[in-house]
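Sequence lines, in order, name chains A and B. Mapping the first sequence onto the numbering used here, position 88 (from 1) lands on 88, and the numbers just tick up by one. Counting the second sequence from 1 gives a position; the numbering used here is that position plus 112.
It cannot be assumed that every hint is accurate.
Claimed, not checked - Within a straight-line C-alpha distance of at most 25 Å, the following computed SDA-like cross-link-like pairs (lysine to any residue) qualify:
1) A:Lys111 <-> A:Ile60
2) A:Lys107 <-> A:Gly42
3) B:Lys169 <-> A:Gly28
4) A:Lys55 <-> B:Gly115
5) A:Lys53 <-> A:Gly40
6) A:Lys107 <-> B:Gly152
7) A:Lys104 <-> B:Gly128
8) A:Lys111 <-> A:His73
9) B:Lys125 <-> B:Arg142
10) B:Lys169 <-> A:Lys53
11) A:Lys107 <-> B:Gly196
Stated by the list, open to error - Chain B residues, not near chain A, derived (Cβ > 10 Å throughout):
12) Leu123
13) Gln130
14) Gly140
15) Gln156
16) Arg185
17) Gly218
18) Thr222
Derived by calculation from the structure, the hints in this document are not laboratory data. Computed from a prediction, not measured in an experiment: that's the story for all the values here. Just so it is clear, CB atoms sit at the ideal spot from N, CA and C, and this is done for glycine as well.
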Amino acid sequence: KNEVEQSPQNLTAQEGEFITINCSYSVGISALHWLQQHPGGGIVSLFMLSSGKKKHGRLIATINIQEKHSSLHITASHPRDSAVYICAVQRNYGGSQGNLIFGKGTKLSVKP
Amino acid sequence: KAGVTQTPRYLIKTRGQQVTLSCSPISGHRSVSWYQQTPGQGLQFLFEYFSETQRNKGNFPGRFSGRQFSNSRSEMNVSTLELGDSALYLCASRGQTNTEAFFGQGTRLTVV
């Protein structure tokens, strides 16, 4: 079983819809990252969170440490939101913080 | 502030050759991590460098190596290339441990 599981793998939405992508993990973590990857490869960091909730524009990320679960929400989705969204966790042992463990990603397609 | 710069963007090599990829982190960032992304395995951690020292290493064979220079620029080297090494190689830099990671655009390596 993967240490980081994302669902769904693929998601198609109509413009304007509310979107939720889920991430569950099985290891102890110090932080969780939500990343966005557009075709062509470049990755953009959307959020890094270790508790509670963060909001940036139309994007909201939440994390429940006890349940080992995080969600990424996109309100009023737009075709430009089409991308692969990747959840990554940072283990909570001391020392290196660079070792991220990644989910397989959720491919989102928003139709106009 | 300039972002994370990876060179070259694209590379085609022949089996058995070796390759060196370069990553220039954001100015002032001392942590550089390297990741491999393939369609089958997704994103996987290769290694992390901090202040010229390798702090952590992923589960890759010894053909994969890296180093970091005093100006925090990092290189990774893959020797005796195999077809399976074809991938997108990404690096990410951080200012301090446990902070947001900033990714480069990646180097797409094709081994023929």
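Practice problem: Kindly indicate which numbered hints from before are broken by the structure, ordering the numbers from low to high. | Solution: 5, 7, 9, 10, 15 and 17
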